[in-house]
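Participant: In order, the protein sequence lines correspond to chains A and B. Read in our numbering, the first sequence has 107 at position 107, and its numbers run on one by one without any break. Read in our numbering, the second sequence has 145 at position 145, and its numbers run on one by one without any break.
For the record, the hints were derived by calculation from the structure and aren't laboratory data. All figures in this text were calculated on a predicted structure; none of them were measured in a lab. One should not assume that every hint holds.
[Unchecked claim] Listed next, the in silico SDA-like pairs over lysine to any residue satisfying Cα-Cα at most 20 angstroms (straight line):
(1) A:LYS402 <-> B:ARG121
(2) A:LYS402 <-> B:GLN53
(3) A:LYS402 <-> B:ALA124
[To be verified] Partner residues aside, some chain B positions facing chain A, computed with beta carbon under 7 angstroms:
(4) LEU133
(5) ALA149
(6) VAL215
[Claimed, not checked] Take a look, some chain B residues computed to stay more than 12 angstroms from chain A by CB distance:
(7) GLY34
(8) PHE60
(9) ALA73
(10) VAL106
(11) ILE167
(12) LEU184
(13) ARG190
(14) LEU249
(15) VAL259
(16) ALA274
(17) THR315
Beta carbons: idealized from backbone N, C-alpha and C, even for Gly.
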Amino acid sequence: MNHLVPSWTRWLAVGAAAALVASSALAQTKGTPAKAAAAPPPQTVKIAYIDPMSGPFAGVGANLLKHFQFAVDAVNSQQLAGPGVKFEMASFDNKASPQETLTVLKQVIDQGIRYVAQGQGSGAALALIDAIDKHNERNPDQSILFLNYAAVDPDLTNSKCSFWHFRFDANTDMKMEALTTFIKDRPEVKNVFLINQNYSHGHQVSRVAKEQLARKRPDVKIVGDDLHPLGQVRDFSPYIAKMRAANADTIITGNWGPDLALLVRAARDAGLTANFYTYYGGVIGTPTAIGPAGENRMRMVAYWHPNIENNPGEKQYLEFKKRFGEEFYGISTYSGLTLLADAIKRTKSTDPLRVAYAMEGARFSGLNGEIEMRASDHQLLQPLWLVSWTRVGGVNRHDIEKTGFTWKTEAAFPTYVASQPTSCQMKRPARPS
Amino acid sequence: MIESTISQMLYGVSYGLLLFMLAAGLTLIFSMMGVLNFAHASFYMLGAYIAYQISAWAGFWPALVLAPLALFAIGALVERWGLRRVHKWGHVPELLFTFGLSYIIVELVQVIWGRPAVPYRVPAELDGPVDWLQRFDITFPEYRMFMMAVAIAMLVAIWLLLTRTRIGLVIQAALTHPQQVEALGHNVPRVFMLVFGGGSALAGLAGVVGGNAFVTEPAMAGTVGAIVFVVIVVGGMGSLAGAFIAALLIGLLESFGKVSDWSLAQMLSTLGMAVGPATPGYEVLTLTLAQVAPVLPYLVLVLILIVRPKGLLGTRED
Chain A
1 MNHLVPSWTR
11 WLAVGAAAAL
21 VASSALAQTK
31 GTPAKAAAAP
41 PPQTVKIAYI
51 DPMSGPFAGV
61 GANLLKHFQF
71 AVDAVNSQQL
81 AGPGVKFEMA
91 SFDNKASPQE
101 TLTVLKQVID
111 QGIRYVAQGQ
121 GSGAALALID
131 AIDKHNERNP
141 DQSILFLNYA
151 AVDPDLTNSK
161 CSFWHFRFDA
171 NTDMKMEALT
181 TFIKDRPEVK
191 NVFLINQNYS
201 HGHQVSRVAK
211 EQLARKRPDV
221 KIVGDDLHPL
231 GQVRDFSPYI
241 AKMRAANADT
251 IITGNWGPDL
261 ALLVRAARDA
271 GLTANFYTYY
281 GGVIGTPTAI
291 GPAGENRMRM
301 VAYWHPNIEN
311 NPGEKQYLEF
321 KKRFGEEFYG
331 ISTYSGLTLL
341 ADAIKRTKST
351 DPLRVAYAME
361 GARFSGLNGE
371 IEMRASDHQL
381 LQPLWLVSWT
391 RVGGVNRHDI
401 EKTGFTWKTE
411 AAFPTYVASQ
421 PTSCQMKRPA
431 RPS
Chain B
1 MIESTISQML
11 YGVSYGLLLF
21 MLAAGLTLIF
31 SMMGVLNFAH
41 ASFYMLGAYI
51 AYQISAWAGF
61 WPALVLAPLA
71 LFAIGALVER
81 WGLRRVHKWG
91 HVPELLFTFG
101 LSYIIVELVQ
111 VIWGRPAVPY
121 RVPAELDGPV
131 DWLQRFDITF
141 PEYRMFMMAV
151 AIAMLVAIWL
161 LLTRTRIGLV
171 IQAALTHPQQ
181 VEALGHNVPR
191 VFMLVFGGGS
201 ALAGLAGVVG
211 GNAFVTEPAM
221 AGTVGAIVFV
231 VIVVGGMGSL
241 AGAFIAALLI
251 GLLESFGKVS
261 DWSLAQMLST
271 LGMAVGPATP
281 GYEVLTLTLA
291 QVAPVLPYLV
301 LVLILIVRPK
311 GLLGTRED
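Here chain A stands alone, though its shape is the one from the complex (with noise of 0.2 angstroms):
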């Protein structure tokens, strides 16, 4: 029903919009103006977390920003910034559009806040390393640096990369590659339909997939190859007849949030007894929908899960669940916010540029082990783990959204085998003295 009305809501975002920015105007010409180099740095880092907290995505954008919340308490709670320096989130809606993330920057920018997280959509991802690299090439004492969690379009630690983007999720380079690596010994897998979001990371999916299972497994027959809306389909029934009808007994798909939700419970609904291999499983409100249907058929390739051996974040985990009531499972949130903090206090500056130096090539010990920040192309390098959906018991204990399902290891890829060549070649701003 928006559709019916967006002129008013529109008219009433660009009055809030400009209210702000006026307002932040005014505040700047007031006070001095920030001077990064001399003044003692600020004891409040705000971090500007730009994700959809409206439309059909609310849900997981809510989720995830719990998961900041709950980062950032760790590290004010344990001065992992150290003494004094305490870190704030605060929230921008980019209603998962990159027009919307644009405007949203504009607001960020205005307010002077010089870090930026966001991860729920590769589109508002491109767009915005876009404008981080013009705006920080404009406007070198008002940098910003872009803290990347979730958007894992390879081309943004590849053919775009920048200095001031940092990737904590592994990219669909790196996924992909453990998920064929993982079918390549699965005879069973014979008919494989794609089905993924019409966006760039959509695409970049299809794509990779049906590159590494040409190389891998030759034999494998791509039955289909389809691209569908993003956040706007209802009913993915026609899409599970579609999948019937070509006789596909695996289906691969990065699809997140309601997109994979609706598509699981439209092939549980349809008797679809296809394999499902995915990037997102265990995002908030799909294990609901994936239920007891998908037991054992239900797979996930994801940096974490919370029955890994000897794992790191349990106590995390077990933290956030009860605190939340809510599943945990984007502990890139954490990973990036520890190694934030562990670089601010290295270089005793919470100016990017200097943190930014500081994080490339740092090494630290994560909620999923030993992680490394590639300097090269600033992606994360990060074990990965290929899961399929199982009831609770034995040493996969935790029940996951009460479902009586959880995750269970099917397969491990340690960090080295896990990590994918770049091509980046990364243009850096002089370094500072």
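Position chain B against the provided structure of chain A, taking the given hints into account.
Facilitator: Frame of chain A; chain B shown alone:
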């Protein structure tokens, strides 16, 4: 091939019938009161959430009865204490009222049940494919069949109610001649309240059966809202039969359009014209129907408004 076409068609018809359940209430309220109820899709969502809650306590079947009744009560209260007061200021404030209400309901739902989807499930009795269809190698969920049956039962019930009962005749009369009906001693405001409550109950019923067929989440109102407006405009504002035809049309369009690999380039090449990357407009020509499918309902809406502004079976010229 024929099996997959039939199952696509069944999916299309079942989705269309769900849309009809929603559109029926909306169009009934519109024809009766002249109010375009923006909160209608929110009532649909509320129906799903209330049904989820009741089914968690007492099972699906009580929810099927109780949730629409709850929505009837909510709708009647909204009319009695909200709309009726706003009514005297004209249609625009009424529209704004329902618009605001839709936001309040979404926020309320988020406060009570949270932002993520709730585990509202299809009852075990109806979970599984239809047996007799499987003999023809067609797998179609039993629940979808049930959804269709509910929609058709509802259609028949409304039709009987409106044409064969006293209250139905009063409603129909009040539709066109409210003053005369009032002069005859009928309580027209109460009729309005009943209609609004009834329309809300229909939306609630759609929520009960649609919420577990799809996903019950706060965004569900927004996603069906726009489509339902397309249905009632295409069908003709205030026409139940029109809404029925339009809902089926949109349902089938969605179902077949979504997965069709048909494109203009394909059509031209079957006509014997060579189409390659050098052809002007190649990018547009190779767009598949599936890629433009989300726009199709709105395209139909625009075309209908241009060609036949009153809709397929609409009678109003204004």
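Participant: Indicate, hint by hint, whether the structure satisfies it.
Facilitator: How the hints compare with the structure:
1. A:LYS402 <-> B:ARG121: holds (14 angstroms)
2. A:LYS402 <-> B:GLN53: Distance ~16 angstroms between A:LYS402 and B:GLN53 Cα, so the pair holds.
3. A:LYS402 <-> B:ALA124: holds (18 angstroms)
4. LEU133: With a minimum Cβ separation of about 11 angstroms from chain A (threshold 7 angstroms), the hint on B:LEU133 is violated.
5. ALA149: This hint is violated: B:ALA149 lies away from chain A, its Cβ roughly 16 angstroms from the closest one there, beyond 7 angstroms.
6. VAL215: Holds - the Cβ of B:VAL215 comes within 7 angstroms of chain A, reaching about 5 angstroms at its closest.
7. GLY34: Given that every Cβ of chain A is farther than 12 angstroms from that of B:GLY34, nearest at about 17 angstroms, it holds.
8. PHE60: holds (15 angstroms)
9. ALA73: holds (23 angstroms)
10. VAL106: violated (9 angstroms)
11. ILE167: holds (30 angstroms)
12. LEU184: holds (37 angstroms)
13. ARG190: Label holds. Min Cβ-Cβ 28 angstroms, cutoff 12 angstroms.
14. LEU249: It holds; B:LEU249 is separated from chain A by about 15 angstroms at its closest Cβ, greater than 12 angstroms.
15. VAL259: violated (4 angstroms)
16. ALA274: Nearest chain A Cβ is 24 angstroms from B:ALA274, so the label holds.
17. THR315: holds (22 angstroms)
Consistency with the previously given hints fails for numbers 4, 5, 10 and 15, ordered from lowest to highest.
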